[in-house]
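*Asks:* Generate coordinates for the entire structure from the input sequences, incorporating the hints supplied.
Single-letter residue listing:
There are 4 protein chains.
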Amino acid sequence: MEPIIVKYVEKPELKDPVLIEGLPGVGNVGKIAAEYLKDNLNTKLMVEIFSKYLPPQVLMKGDGTLYLVRNQLWYYKNEKGEHDLIILVGDYQGMSSEGQYELSYKVLEIAKEFGVKKIFTLGGYGTGKLQDTPRIFGAATNMNLVEEMKKYGVYFSESEPSGGIVGAAGLLLGLGMEVFDMEGVCLMGETSGYFSDPRSSYGVLKVVKEYFNLDIDMSELKFRSEEISEITSQIKEEEQKEEKKEDLGYIG
Amino acid sequence: MEPIIVKYVEKPELKDPVLIEGLPGVGNVGKIAAEYLKDNLNTKLMVEIFSKYLPPQVLMKGDGTLYLVRNQLWYYKNEKGEHDLIILVGDYQGMSSEGQYELSYKVLEIAKEFGVKKIFTLGGYGTGKLQDTPRIFGAATNMNLVEEMKKYGVYFSESEPSGGIVGAAGLLLGLGMEVFDMEGVCLMGETSGYFSDPRSSYGVLKVVKEYFNLDIDMSELKFRSEEISEITSQIKEEEQKEEKKEDLGYIG
Amino acid sequence: MEPIIVKYVEKPELKDPVLIEGLPGVGNVGKIAAEYLKDNLNTKLMVEIFSKYLPPQVLMKGDGTLYLVRNQLWYYKNEKGEHDLIILVGDYQGMSSEGQYELSYKVLEIAKEFGVKKIFTLGGYGTGKLQDTPRIFGAATNMNLVEEMKKYGVYFSESEPSGGIVGAAGLLLGLGMEVFDMEGVCLMGETSGYFSDPRSSYGVLKVVKEYFNLDIDMSELKFRSEEISEITSQIKEEEQKEEKKEDLGYIG
Amino acid sequence: MEPIIVKYVEKPELKDPVLIEGLPGVGNVGKIAAEYLKDNLNTKLMVEIFSKYLPPQVLMKGDGTLYLVRNQLWYYKNEKGEHDLIILVGDYQGMSSEGQYELSYKVLEIAKEFGVKKIFTLGGYGTGKLQDTPRIFGAATNMNLVEEMKKYGVYFSESEPSGGIVGAAGLLLGLGMEVFDMEGVCLMGETSGYFSDPRSSYGVLKVVKEYFNLDIDMSELKFRSEEISEITSQIKEEEQKEEKKEDLGYIG
Chain A
1 MEPIIVKYVE KPELKDPVLI EGLPGVGNVG KIAAEYLKDN LNTKLMVEIF
51 SKYLPPQVLM KGDGTLYLVR NQLWYYKNEK GEHDLIILVG DYQGMSSEGQ
101 YELSYKVLEI AKEFGVKKIF TLGGYGTGKL QDTPRIFGAA TNMNLVEEMK
151 KYGVYFSESE PSGGIVGAAG LLLGLGMEVF DMEGVCLMGE TSGYFSDPRS
201 SYGVLKVVKE YFNLDIDMSE LKFRSEEISE ITSQIKEEEQ KEEKKEDLGY
251 IG
Chain B
1 MEPIIVKYVE KPELKDPVLI EGLPGVGNVG KIAAEYLKDN LNTKLMVEIF
51 SKYLPPQVLM KGDGTLYLVR NQLWYYKNEK GEHDLIILVG DYQGMSSEGQ
101 YELSYKVLEI AKEFGVKKIF TLGGYGTGKL QDTPRIFGAA TNMNLVEEMK
151 KYGVYFSESE PSGGIVGAAG LLLGLGMEVF DMEGVCLMGE TSGYFSDPRS
201 SYGVLKVVKE YFNLDIDMSE LKFRSEEISE ITSQIKEEEQ KEEKKEDLGY
251 IG
Chain C
1 MEPIIVKYVE KPELKDPVLI EGLPGVGNVG KIAAEYLKDN LNTKLMVEIF
51 SKYLPPQVLM KGDGTLYLVR NQLWYYKNEK GEHDLIILVG DYQGMSSEGQ
101 YELSYKVLEI AKEFGVKKIF TLGGYGTGKL QDTPRIFGAA TNMNLVEEMK
151 KYGVYFSESE PSGGIVGAAG LLLGLGMEVF DMEGVCLMGE TSGYFSDPRS
201 SYGVLKVVKE YFNLDIDMSE LKFRSEEISE ITSQIKEEEQ KEEKKEDLGY
251 IG
Chain D
1 MEPIIVKYVE KPELKDPVLI EGLPGVGNVG KIAAEYLKDN LNTKLMVEIF
51 SKYLPPQVLM KGDGTLYLVR NQLWYYKNEK GEHDLIILVG DYQGMSSEGQ
101 YELSYKVLEI AKEFGVKKIF TLGGYGTGKL QDTPRIFGAA TNMNLVEEMK
151 KYGVYFSESE PSGGIVGAAG LLLGLGMEVF DMEGVCLMGE TSGYFSDPRS
201 SYGVLKVVKE YFNLDIDMSE LKFRSEEISE ITSQIKEEEQ KEEKKEDLGY
251 IG
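Protein chains in written order, with this note's numbering: chain A, 1 to 252; chain B, 1 to 252; chain C, 1 to 252; chain D, 1 to 252.
Calculated from the structure, these hints are not laboratory results. In this text the structure is predicted, and so the values were computed from the model without any measurement. Idealized CB from N, CA, C, for every residue including glycine. Treat the hints with care, since some could be wrong.
Output of the computed footprint for chain A on chain B, the stretches with three or more beta carbons under 8 Å from beta carbons of chain A [as the list claims (entries may be wrong)]: (1) 62-70; (2) 178-186.
Within a straight-line C-alpha distance of at most 27 Å, the following computed BS3-like cross-link-like pairs (lysine-lysine) qualify [to be verified]: (3) 150(A) <-> 77(D); (4) 80(A) <-> 209(A); (5) 7(C) <-> 117(D).
*Replies:* Okay, here's the thing in structure tokens:
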């Protein structure tokens, strides 16, 4: 079999398209953001990707039918902005280092076909801590983009993320710049990493919305984001109570 | 070496054949069912498959001779039904994700050659519990098959199997529908998952027998199934006694 | 790079040659036996095999120089017997399932070139126990060989080795019979599996010596074998003393 | 994608060049030494290597920009010595056995293009102990080099390194001698293995400097080396105090 099977559903003409990636990862921040984009913009499916680098698995749809795990590209004709979008979503990332490279490379080949020159990858930055307001960290392929993104409130830190960026969010940018002459930025929402974190996705997506001047209703994601805020506050309160008790106990 | 070595023993003409898979897996439910079919119908060996994706191992026949681990296709001319059968059995599934994909893909290529348009995959659904009467869960490639299988008492659940279906039982259907234009259904017998479970296989095979109108003597599998029922009852009784003792102990 | 690099040192004309394999494995029984053959017969190096399926490692010769890990084929012109020998030795077996298949396949291709029709693979059968006199178990590709080897005192058991034979000792026979039309036998000396076991190798090699009518001085291996016997006796005595003490303690 | 992507930045004419390798490994001894060479000689980047055998990762530069993990070749025109240098540095070694082989093979192919006939690989030899003055161990592809290197104070031991040399430092020599007709030596600085050890690198690099008559300022590495010496002394003192206390305690 071909290691990666690409099925073109449609080959649209796109206006200076930007690739936006959001695959499963830390806190599923990127996945939630990209799927929200896909579901709340008027997007159409253009490409399906199956591969032996993905898990050997089918998933259930809930009605008794199943589907093979996959990655997908959806496009959006952005009337109000300069850039149409190609959104990469999927059930899984590649299972091995080599699979990660092969899948990212293939996506970039397809993106190139449609004229992509810029990439946004979305992800989470796991801190192991519950944050009050998660910051959005950035990393870019060049200084111009670093400066540009700072205007949107994105943090660029000397030391973070300290281990670099692993997986598709990093590779698409790395291979994009080295092999496909593309530039790009990775947006990483702070997240504890303990659960799926739509609040962090909300922060990431707000940057995307503003940057691309997207006409997208953010209310549902905002709602889910506020739920996370409440839960976080509650947990923090509990923790503080616990700490006080312990303090008293220690004194007593 | 070729990654997968296919040896054709015979190339029979088959009447609208259906592929039935039963390889090792949870409770060996599929394997036991498919091998019972193979052994109790008038089947003939048609294809042998060796591969570097299988373990590097030979097994003993019991008479001092050995054989290389393999998968096999056997065919059955079903005079009473519309469909001849091709039965996939084997010592192992692929050892890696990639091996799983490659082996399933190759089996589908061979099946296509012989005109297969429909696939039944048989497996176990591990619950971690001893069941009184194991249900047969299903998952299909389309709603028509879902509805059709319900008539045979197959359960289709919104949420089960929750992790999807991993391995050949899933992949043959997933790749079959996406690449080979085949439809199919996976039948999964409930099983504890702690031991080989012919009772669960019996339940699965009864559906297959009825669906394909097979003239097959089920008595031996029924016997092995009843043994499991007895053992299960005994264990459950013991457990209840234990629980009562514990209850008394707690009260006392 | 080529996955397997084969360097021919010499291409001798060989008389109905038999391939004898002894690579590292349980108790290094096969390795010790095959290397003893190589070192104590008048053998010459014919083929060297390097491969990315072997560990990425060089080993030290003891004089400050190093060498790349490899497998080797040595040949022996057996004036007194019907069969010349090709002896397969090496630092390692393949590191992965796929590597095991690829390496065994390549060795068989080379063996075929030189006219090999029969294979002897040598190995250990790990029992986890200290044996007084290790038996030699066998497994063969056909019943003729089973019967023939019984005359040399080789045991063929219905149930042992229960897990089959893993690695080159099994694969060379399995691929040999299925793909290269070769027959063969695996000789497995019982061994605890806790240490390198020249005594078990001695038992295996005695069968090989008799079968091929080899003019080989076994004295050094016999010496090393007797050392193992002594150590085994000592350990057993100690164990019995311990047990007696415990018994007394229990009674007392 | 090509498994290994090679980008030539420059194709210089080089005078009988020697390849010097220092990739990450035990104590990062080789990496620190090779990067010090690269940074403190007048070197120029000639080749960049990207590969699916490296981790799927980008790293941060500290200014908000990122780069794809890679290996690099830098060259140095050595006016005072007979040999120009090609220095191999990188973020990682290959992730799998096969990747190790493939990457080393590719580097040797490139080295051959530029006329390399000799290789120096630099690494650490992990002892698990804090040494006062780390020795430099050697291993070479032939006795001439062994004798030659002894003049530079390099130790060649019958038994060390006992497990051979794993990874690029070993493979470049092993594949170099077997496939590319190159000779070479591995220099291994003793190191505890518990931390990055510039002191061990200093020892290794002093040999390289003398051998190639390099005009290189060693002062910064010397400084970092002395820091390690101080830390080592302090830790040893602490340990001795601890031991004395324990001794007294035992007597008391």
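*Asks:* Taking 8 Å as the Cβ threshold, is the statement that the stretch 62-70 of chain B is covered by chain A upheld or broken by the three-residue rule?
*Replies:* Not satisfied, violated; 0 residues make the cut.
*Asks:* For residue 7(C) and residue 117(D), compute the direct alpha-carbon distance and say whether it is at most 27 Å.
*Replies:* Measuring from Cα to Cα gives roughly 21 Å; hence the hint holds.
*Asks:* Do three or more residues from the stretch 178-186 of chain B put their C-beta atoms closer than 8 Å to C-beta atoms of chain A?
*Replies:* holds (count 3)
*Asks:* Is the Cα-Cα distance between residue 150(A) and residue 77(D) 27 Å or less?
*Replies:* This hinted pair is violated, its Cα atoms lying about 42 Å apart.
*Asks:* Between the alpha carbons of residue 80(A) and residue 209(A), is the straight-line distance 27 Å or under?
*Replies:* 12 Å, holds
The structure does not agree with the numbered hints 1, 3 stated previously, though it agrees with the rest.
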